[in-house]
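**Q** Residues per chain are reported as follows:
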Amino acid sequence: MIAINVIIGMVLIIIGLSFQVLGALGLIRLPDVYNRLQAATKSITLGAISIAIGVGVMDPTLLTKAILVAVFLLITNPISSHAIARGAYRSGVPLWKGSVVDKYGPALERKEREVKE
Amino acid sequence: MNELVFIALATLMFILMIALAVMVIRSKDLIKAAILLSGVSLIASFVFVLLRAPDVAMAEASIGSALTAIILVFAIKKTNRFEEGGEEK
Amino acid sequence: MMERTTFHRSLPAIALALLFAATLFVAFVEVDFGEPRIEEELPVNYQPGEEIDTENITTPGLRYLANSSEETGSANLVTAVVVNYRGFDTLGEVTILFLAATGVGALLSFIKDDDEKKKKKILPPSLILNKGARLVLPLIILFGVYVFLHGHLSPGGGFQGGVIIASGMLLFYIAEPTKGASHKVISIIESTAGLAFIGLGIVGLMTASKIFLANDFAGDWGEVGMLVSAGLLPLIYIAIGFKVGSEMTGLVEKMRGDGS
Amino acid sequence: MTPDPVLLIVIPLLAAFLTPLVALGSKKFARYVPLIGVLAMGVVSLLLLKDLIEVQPRTYGAYNTIESTTGGFQPPFGISLIVTPLGGLITFGMIMVALYVLVTSIQKKEDDKGPWFEMMAMMATAGAVGMVITGDLFNMFVFLEITSISGTILAALPRGNGEKGLNWKGAAGYAVISALASFLILAAIALLYGATSTLNIAQMAERVGSIDTFVAGTALLLMIIGFGIEAEIFPLNGWAPEVYRGSRWGTSTIFSGIIGKAGLIAMLKVVTVILAPALEGNIAMDILLWGGVITFIVGEAAAFTSKDLYRLWGFSSIGMFGLILAAFSLGGENGIYAAVLIMIGHLISKPVLFSLTGAMRHKDRDLPLSVLDGLMGKSRVTAFLFIGAALMLLGMPPSPIFWGKYFLFSGAGGESNWLLVGLLIVGTLLEAGYIGKLLWRVLPKKEEAKAFKLPITTTVMALIAVALGVLLGAVPGLLQDIIDLVVLEFGGAIIILAGVI
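Here the protein sequences line up with chains A, B, C and D, keeping their order. Residue numbering for the first sequence follows my numbering, starting at 1 and increasing by one per position. Residue numbering for the second sequence follows my numbering, starting at 1001 and increasing by one per position. Residue numbering for the third sequence follows my numbering, starting at 2001 and increasing by one per position. Residue numbering for the fourth sequence follows my numbering, starting at 3001 and increasing by one per position.
For the record, the hints were derived by calculation from the structure and aren't laboratory data. Just so you know, even glycine gets a beta-carbon here, dropped at the ideal spot from N, CA and C. Please note: incorrect hints may appear among the correct ones.
To be verified - What follows is a list of derived Cβ distance ranges for each label pair:
#  : chain 1 : residue 1 : chain 2 : residue 2 : range
1  : A       : 59        : B       : 1002      : 15 to 21 Å
2  : D       : 3419      : C       : 2011      : 48 to 54 Å
3  : C       : 2130      : B       : 1022      : 34 to 40 Å
4  : C       : 2077      : A       : 71        : 31 to 37 Å
5  : B       : 1032      : A       : 8         : 39 to 45 Å
6  : D       : 3425      : B       : 1053      : 33 to 39 Å
7  : C       : 2202      : A       : 2         : 55 to 61 Å
8  : D       : 3474      : C       : 2012      : 24 to 30 Å
9  : C       : 2030      : B       : 1032      : 34 to 40 Å
10 : B       : 1052      : C       : 2015      : 35 to 41 Å
11 : A       : 111       : B       : 1076      : 25 to 31 Å
12 : C       : 2188      : A       : 17        : 45 to 51 Å
What the hints assert, rightly or not - No farther apart than 27 Å at their CA atoms in a straight line, the calculated lysine-lysine pairs in the DSSO-like style are these:
#  : chain 1 : residue 1 : chain 2 : residue 2
13 : C       : 2179      : D       : 3113
14 : B       : 1032      : C       : 2184
15 : C       : 2131      : B       : 1077
16 : A       : 42        : A       : 103
17 : B       : 1077      : B       : 1028
18 : D       : 3027      : C       : 2184
19 : D       : 3307      : D       : 3113
20 : D       : 3050      : D       : 3113
21 : D       : 3437      : D       : 3453
22 : B       : 1077      : C       : 2254
23 : D       : 3028      : C       : 2184
24 : A       : 42        : C       : 2131
25 : B       : 1078      : C       : 2179
26 : B       : 1078      : B       : 1032
27 : C       : 2254      : D       : 3307
28 : D       : 3453      : D       : 3028
29 : D       : 3169      : B       : 1028
30 : A       : 97        : B       : 1032
31 : D       : 3437      : D       : 3113
32 : A       : 111       : C       : 2179
33 : D       : 3307      : D       : 3169
34 : B       : 1077      : D       : 3169
Kindly produce the complete structure, drawing on both the sequences and the hints.
**A** As structure tokens, this is what we get:
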């Protein structure tokens, strides 16, 4: 008889793994840096968090650490991908030709003008 | 850990490390090379975990893949980004 | 065409490198790391973890494995070896890092910044990055401090904790390109921590055993496995942690230069 | 009272950590901290040397040693420092060279950037001392790293105040090559540790007999290449001329007097104590002997053709390293006597030559030999010191090197090794050739340039050094006690130096 928390943990880990797989797939398949970051941030954050929580649920002694790891991931992952996107834009990585909207470009120009003055 | 799994994982990691190292040598873009180098360190730190040396793994992860890479990038920013013969942007 | 000529010219070098690699490979395969001597010297019917009579042992590694927590009071074997049995080496390693960091600073002071005019005004850092870094930085520093405070109990120690703190400061530098810690403060911390390490070594020279870096208080304070235990080892690791952290921060700071 | 040998390492480290703190307050005063540190090291090593000769302390094997352990565990569990007679002598000599460099350069206003030159010079000395006296193989590697990192920074410090000079090229070369050397030595240490399960040199020497010959041979090769790079042995010294050409005279002195010597002694220690017993016959010693002789010839030939004064002295140092190595590897009483005497002579004469060359510096980056033209007319003191030191280096009679070469020739002749004798004569003739060429330039000429004044500290220190050299050359019996101990250390028998004279 498997304990109930182990089953819940397993399910969470499986969910997390499938999100990781999808994220990795997106990282390969999507056309440009900005699109890839979508996959890298959203689905991989979710995947990693649910794996961490799943491990915590399976082994309750690790739960505190798992939650801390999850919170830390939740803070750092979006910030880092934001920084990557911003850095990529400012060093001139072009958008995919199918992109329809670019709101950061005008905002950046405005800011540069402000700094020059 | 199952010995077979251990050997398979370690072999995979070593192949990845060698492949990344070759890419580092072949890359004419030095910043790209620095980032790939930090990738080598990251995998090396995973290998240390596999070999049950968590102390070394921690040092390798933070020195090799964060600090070294960033110091190299700072140094490259003070000189040229591309090696001679590499394409200019 | 170009490729081909350079390849031809580098053929002897490649051949030499391959020969060298093959020699090293064969030599390293020939060596059984750590195995045979340990079996030779172990007492009959030895159970792992059992304490060994040190009289009969001459292989250092074996004694470290069996008696480290008894002799040094450290629950972490690696710490026992790094800080106590081979503490002199660690002092040397810390000095190497110190020399490298100081030397980089000294050499950079000789290079005149001729790209003064090229220096363009930098954009202020983005709000998200700035606030996020401010949120995460204390956590990273806390983790670094945890790692070097628990060096004698869990994996990690002064070096690891120090570089974790330094990587936190690195994040801060990226998020705040115009600000930075004062060179003076970094330098004072660095030197004081180094002096503290040597001072703790000299404590050994003053106390019972009269030996540099001896850990005479090994069993006196606390039990093995508690935070306050292992005598001088945690204090040495704290000194190393501060030293490595400030050195790496200073190194990054110096390499960063002004606003690039 | 015997001081603890660990003080030789602790004092410079203490001074090094203090220097930046003091520099925050006063940059001028901070330059004296390393000087005080080196002085204290000198006192400690003098006391150790005195104790080695006079008292009969703890005996280890057949010769006097002073041991010290660290970490509170007896070797092989803790790291031990062992001052052997050779180690004590060389340690004292290296510290005196460092003292010469620091005292002589302390009044110069070359750089107002901070006390970095002094600090790195002290740390290079500390690392070199550690390499010589340590009894633990990995500890030797740590000290090698300290030495090579401070050496790199010394080589990179520019001569003047920050103009783009030749220093960067030499320093970059040395940085890469010494990193390679460190890697090779580390690989060899890993092999030996894996094969013997110990890092203590004495214990390793006991166990090394049973290890695989291929492993021992590979370790030998790696060690010889690695330490050979540090000791500037012939095919491995491509980096050295650039360093000598581009750096300050103090750096050149430290490379030729301290770093190279330490590499040489460390190589001898590792090869003779650990690896030679593991290999059949005298392969290891033969490699070192012929490597040394070839280095001697090549170094002196390169010095003969050199057009830059710094490079010339650099090549001549390389030649001397070869000669010392050959003498040590020749073995026997004569070989050891020769090696120690030549080493002492070189340690005394080279700092004088480098410091005088540094004082004659031109605006030019390179220093052509023509700076010496008519030196006698410009400054009699300088010319006198220059001639004295150059003749001492060549081995004119009141010089330790004269006795060194005497013993070397009798050693080689005694073994009927006529090829060796011939090669040594060729090298000595080349040496006489370029030193004669230099001295010819020093003589007064018709067109006298403006007078040239030597800084007072340089004059005093150079005078002391030359006087010491002449004293030791005239009465070599003064050195007899310590050299006999060195001979014992290398397993020879005592001969009476005074009787020969």
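**Q** Each of the hints needs a verdict: does it hold here or not?
**A** Results of checking the hints against the structure:
no.	hint	in the structure
1	59/A with 1002/B: 15 to 21 Å	holds (20 Å)
2	3419/D with 2011/C: 48 to 54 Å	violated (35 Å)
3	2130/C with 1022/B: 34 to 40 Å	holds (38 Å)
4	2077/C with 71/A: 31 to 37 Å	holds (32 Å)
5	1032/B with 8/A: 39 to 45 Å	holds (43 Å)
6	3425/D with 1053/B: 33 to 39 Å	violated (57 Å)
7	2202/C with 2/A: 55 to 61 Å	holds (59 Å)
8	3474/D with 2012/C: 24 to 30 Å	violated (53 Å)
9	2030/C with 1032/B: 34 to 40 Å	holds (39 Å)
10	1052/B with 2015/C: 35 to 41 Å	holds (38 Å)
11	111/A with 1076/B: 25 to 31 Å	holds (26 Å)
12	2188/C with 17/A: 45 to 51 Å	holds (49 Å)
13	2179/C with 3113/D	holds (24 Å)
14	1032/B with 2184/C	violated (34 Å)
15	2131/C with 1077/B	holds (26 Å)
16	42/A with 103/A	holds (20 Å)
17	1077/B with 1028/B	holds (15 Å)
18	3027/D with 2184/C	holds (14 Å)
19	3307/D with 3113/D	violated (32 Å)
20	3050/D with 3113/D	violated (39 Å)
21	3437/D with 3453/D	holds (23 Å)
22	1077/B with 2254/C	holds (13 Å)
23	3028/D with 2184/C	holds (17 Å)
24	42/A with 2131/C	holds (20 Å)
25	1078/B with 2179/C	holds (19 Å)
26	1078/B with 1032/B	holds (16 Å)
27	2254/C with 3307/D	violated (39 Å)
28	3453/D with 3028/D	holds (24 Å)
29	3169/D with 1028/B	holds (22 Å)
30	97/A with 1032/B	holds (24 Å)
31	3437/D with 3113/D	violated (39 Å)
32	111/A with 2179/C	holds (20 Å)
33	3307/D with 3169/D	holds (19 Å)
34	1077/B with 3169/D	holds (20 Å)
Comparing the model with each numbered hint stated earlier shows that hints 2, 6, 8, 14, 19, 20, 27, 31 do not hold.
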